[in-house]
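Following the hints, put chains A and X in place on chain E, whose structure we already have.
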Amino acid sequence: MTPGLMGSTVLEVRDLHTHFFLRRGVVKAVDGVSFSLRRGEVLGLVGESGCGKSLTALSLMRLLPKGGARTIRGEVLLDGENILERTPAEMREIRGRRISMVLQDPQTSLNPVFTIGDQLREAILRRKRMPRGEVTKEAVAALRRVEIAAPEQRLGQYPHQMSGGMKQRVVGAIAISGEPSVLIADEPTTALDVTIQLQYLKLLKRLQAETGMAILFITHDFGVVGRMCDRVAVMYAGRIVECGPVRQIFEAPQHPYTRALIASVPKMTGPVGRLTTIEGQPPSLMDLPVGCRFASRCAHVEQRCLDAYPDTVQVAREHTADCWKVTPA
Amino acid sequence: MSVVPPLLRVERVRKHFALTKGILFTRTLGHIKAVDDVSFDIRAGETLGLVGESGCGKTTTSRMILNLEEPTEGRILLEGEPIHALQGEALHAYRVKVQAVFQDPWSSLNPRMKVGRTIAESLIVNAWGDRAKIAERVRELLLQVGLRPEQAQQYPHEFSGGQRQRVALAAALASRPKLIVLDEPVSALDVSIRAQMMNLLKDIQAQDDVAYLLVAHDLATVRHMADHTVVMYLGKIVEQAPTAALFEDVRHPYTRALFSAVLVARPNPQEEEIELKGEVPSPLDPPSGCRFHTRCPYVMPRCSQHEPALREVSPGHSVACYLFE
Amino acid sequence: MALADPPPRISLWRLVWPARVPGGFRRTSRVPWIPIAIISAIVVMALFAPLLAPYSPIDQTLRDKLLPPAWLDGGSEKYLLGTDAFGRDILSRLIYGARVSLLVALLALTAGGGIGLGVGIVAGYVGGAVDSVLMRLVDAAFTFPAILFALLLAVTMGQGLGTLVIAITLLLWASFARVIRGEVLSLRQRDFVALARVRGCSALRIMLTHILPNVLNTFMVLVTLNIGVVIIAEATLSFLGAGIPPPTPTWGLMISEGRGRLTDAWWVALIPGIAITLMVLSVNLFGDWLRDRLDPRLRQL
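Protein chains in written order, with this note's numbering: chain E, 1 to 329; chain A, 1 to 325; chain X, 1 to 301.
One chain only, chain E, in its complex shape:
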């Protein structure tokens, strides 16, 4: 990564709250999330299912699922401009061009009744009017960029004629066709085989080096984090509990949740013994405790953990943790 590309903040999220308003009550799925993303970096957003990581991504895209989800507070600053205040029409212009997304399941990401070519051309034409021949040329170039062999033939194929890895490449090609400055990748390799996953991750890295886009990489897999990310934000029960450079998160995790989570991953080396587990369940997002959300499962819990939510503590350069028991730098 060229140092010149890294640095300036392209996306900044401040105190984001997205809740589900249901008849049974309010589900606080994203409850005060803040982070920033710099040009040319990969920020990993890690957590277990139900922690709010995917909903955070959808809030940034302003594509909340139907069924009562609303972003009620916070700012999403894309190049300094709060996109939460943009009109739906303006948002359509922003999506795909300035901020784009790749999702887990390539099966549902592509429309089964149109060819790959149709869907790529559609995406290209949304950016710029141009003659037919040129659109096709651009579509071929886009497929070549994601390293699909024989792109001219692929254009006429339907999604079901391609393998999962291939489809995910097409999805990637569509997502970056507008040259966005931010790409949100929500578990893009979870449905792929391991050797195909590695190919895809390497491809994403290469594309990033070419374009200098920032990637928000959402995953539950610490292996993928280690391979892909520059910085990591760990989410638990609707909040980011720890955020820092990837090396520090792995080598000196500060938050007890991060530590337990990393310890519970089965390793490829070292002794084979009992795995460390985190007992209990995360709290209900409908009925969150006043104190630290991890307190009920934490081995180091104290009274103050139950009484109030801890402040975000700067533990090292660029490394923060929400815990009463960490020592500030």
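Just so you know, not all the hints are guaranteed correct.
Part of the chain A face toward chain E, derived, beta carbon under 10 Å [as the list claims (entries may be wrong)]:
(1) Gly88
(2) Leu91
(3) Val191
(4) Glu279
With the Cβ distance kept under 10 Å, some of the chain A side facing chain X (calculated, not the full set) [unchecked claim]:
(5) His92
(6) Arg95
(7) Val98
(8) Val101
(9) Phe102
(10) Thr118
(11) Glu121
(12) Ser122
(13) Ile124
(14) Val125
(15) Ala174
(16) Ile204
(17) Ala206
Under the rule of at most 27 Å between Cα atoms (straight-line distance), these lysine-lysine pairs were calculated in the DSSO-like manner [to be verified]:
(18) E/Lys205 / A/Lys277
(19) A/Lys178 / A/Lys97
(20) A/Lys277 / E/Lys137
(21) A/Lys178 / A/Lys133
(22) E/Lys137 / E/Lys202
(23) X/Lys65 / X/Lys78
(24) E/Lys267 / A/Lys202
(25) A/Lys133 / A/Lys114
(26) E/Lys202 / A/Lys277
(27) A/Lys114 / A/Lys178
(28) E/Lys137 / E/Lys205
(29) E/Lys202 / E/Lys267
Hints are computed from structural coordinates only; laboratory data are not their basis.
From the three backbone atoms N, C-alpha and C, an ideal C-beta is built for every residue, glycine too.
For chains A and X alone, coordinates are given in the frame of chain E:
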């Protein structure tokens, strides 16, 4: 090799699915060779890991062991008896001995059946005992997998994914089987829940002396669970060895690629990754010779002409590759 | 936990063509109170006909024949909805007619629905040759001219409730069988069915304890959506003279009797016509709602 006969023996098993077209006048377009000449043993109380990527035939193999599919050729023996010839009482006896836990905890439980009833099912159909005895066993099983006995009265939708997988395990354990086929038992679970489930599986093996066939794609899981590991590619076994030996000394180029594709939880491990080009070829028309030769970085001329046989390279460690002849 | 809330499925083409209403509020289908009220009223009418009807439905009072409804010129307060050509009270006949309609619906849906449910489960679960044979039978049933067959049946067996129910059963079972089979085909792929086999359950046990309970929702939806079909079929067959023989009042028969006098005594035919329309509309609206509630996958029905 050991003198004790294995619990389960898979003997030169093939499974070919005919691909047909038309309803009335069917034409066979070809055969998908899902499993092609596979042999291995599982010993009592041990765990055998079956590893490979999608389409390698590991799930088809496990379904044949469960007697849900008939092999096209070859046989599978449980305690010396061919399982696909079993009928009536003998088949029932087999069903008691071999159980399964599948990957998807949302599809494994009947949504309209109380979990207690699901757990008791194999006891009921095999006339294991009277109602009170069965209820007592269900209670015992729920406690064994870390659930509360009163949860027997609940329906699956009241459980989380990890809890459902525990229920599925309790149901598999009910008849005190000798072998449980675990088809990706933890891959749908969250990291912290995954560790709980893996520990539980190991505890139960230690208590009940049950053997596992662990079908998985995640090598780290296999490393923690399996005593013996079999690696499959496109319906063939490419390498098999005691797990510790395999992780120490990976031989087959495909296994090596698989190992190097494992992303470990540490920052930027980019050391000597073998990135395989292209994708797994179609099992409908598998490559000639060694099936891996189209993607192998060490391919030699004879790899495309002849098929390498499994050959022992060190005690218990066999590889099907010309590099080791 | 774990897969407790599967990630929202938003596809990439949604990025290109965003939904009209972004985010927005939940659209809950409202409980159809008016249809429920109408259905309840008709059911009550049928159940308590002898208590509710002001007159006997078959006694003729010829001097009061063809009186219009009470609110029209020449109408009598004695007969709220007027009288027919034999001087029988239309309201009373309507109330008693509901009995026949509902009885036929109950019997035909039990028989036809039951056969369809059984055939669908067996065809879908057993598969293979059994499935092929059963589904060809279903195809045959669809091509069968049901009305013609009913008329034939009426000629050979004689008119009556039995004939009517048999004819409508033959009309119904195939559509039940087809939908249920489709449902079973997808259920059969679920792991719990394979696991039931691994536990040693027989095919019959799997069909009864694992498949049947999981198609009951669909079955109930089909039943409600087919009540309308049965009522229309009964009316049609009675109208054609292949249904219940006169003088037993049925709504179809009442229309049939009034059809010759549409110009001078339109109410004789129109009033049972309105009753049929209201009933069928209500059960269909109710069925739609039930389908959305119980089984959103059946929307295309």
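Verification of the supplied hints:
About 41 Å separates the beta-carbon of A/Gly88 from the nearest beta-carbon of chain E, more than 10 Å, and the hint is not met. The closest approach between the C-beta of A/Leu91 and any C-beta of chain E is roughly 35 Å, which is over the 10 Å cut-off, so the hint fails. The beta carbon of A/Val191 is positioned within 10 Å of a beta carbon in chain E (closest approach about 6 Å), and the interface hint is therefore held. The closest approach between the C-beta of A/Glu279 and any C-beta of chain E is roughly 5 Å, which is under the 10 Å cut-off, so the hint is satisfied.
Contact between A/His92 and chain X, as hinted, is supported at the beta carbon level, the nearest pair being about 6 Å apart and thus within 10 Å. A distance limit of 10 Å between C-beta atoms decides the matter here; for A/Arg95 the minimum to chain X is near 4 Å, and the interface restraint holds. Below 10 Å, beta-carbon pairs count as interface contacts, and A/Val98 has one with chain X at about 7 Å; its hint therefore holds. Evaluation of the A/Val101 hint against chain X yields a held restraint, the C-beta minimum of about 8 Å falling below 10 Å.
For A/Phe102, the interface hint holds, since its Cβ comes within 10 Å of a Cβ in chain X; the closest pair sits about 4 Å apart. Hint status for A/Thr118 relative to chain X: holds, with the closest Cβ pair at about 8 Å, below 10 Å. The criterion of a C-beta within 10 Å of any C-beta in chain X is met by A/Glu121, whose closest approach is roughly 5 Å, and the hint holds. A hinted interface residue such as A/Ser122 counts as satisfied when its beta carbon comes closer than 10 Å to some beta carbon of chain X; here the least separation is about 4 Å, so the hint holds.
Given the 10 Å rule on beta carbons, the hint for A/Ile124 holds: about 9 Å separates it from the nearest Cβ of chain X. With a cut of 10 Å, the hint placing A/Val125 at the interface with chain X holds, because the nearest CB-to-CB distance is about 5 Å. Because the smallest distance between the Cβ of A/Ala174 and any Cβ of chain X comes to about 8 Å, under 10 Å, the interface hint for this residue holds. Annotation: A/Ile204 was flagged as interfacial toward chain X, and the flag is violated, the nearest CB pair being 18 Å apart, outside 10 Å.
Using the Cβ-Cβ criterion of 10 Å, the hint placing A/Ala206 at the interface with chain X is not satisfied: the shortest such distance is roughly 24 Å. This hinted pair checks out: E/Lys205 and A/Lys277 have alpha carbons roughly 17 Å apart, not beyond 27 Å. As the CA atoms of A/Lys178 and A/Lys97 are separated by approximately 5 Å, the hinted pair is consistent with the 27 Å bound. At most 27 Å may separate the alpha-carbon atoms for a hinted pair to count; A/Lys277 and E/Lys137 meet this at roughly 25 Å.
Distance restraint check for A/Lys178 and A/Lys133: the Cα-Cα separation of roughly 21 Å lies within the 27 Å cut-off, and the hinted pair is therefore satisfied. The straight-line distance between the Cα atoms of E/Lys137 and E/Lys202 is roughly 25 Å, inside the 27 Å bound, and the hint therefore holds. Between X/Lys65 and X/Lys78 the alpha-carbon distance is near 12 Å, which keeps this suggested pair within the 27 Å criterion. The hinted pair formed by E/Lys267 and A/Lys202 meets the criterion: a straight-line CA distance of about 16 Å does not exceed 27 Å.
For a cut-off of 27 Å, the pair hint linking A/Lys133 to A/Lys114 stands: about 18 Å separates their Cα positions. Restraint check for E/Lys202 and A/Lys277: satisfied, since their Cα atoms lie roughly 12 Å apart, inside the 27 Å limit. For the hint linking A/Lys114 to A/Lys178, the alpha-carbon distance of about 26 Å falls within 27 Å, and the restraint holds. With a CA separation close to 24 Å, the supplied pair E/Lys137 and E/Lys205 stays within the 27 Å bound.
A distance of roughly 22 Å separates the Cα atoms of E/Lys202 and E/Lys267; the hinted pair therefore holds under the 27 Å criterion.
Hint compliance for this structure: hints 1, 2, 16 and 17 are broken, all remaining hints hold.
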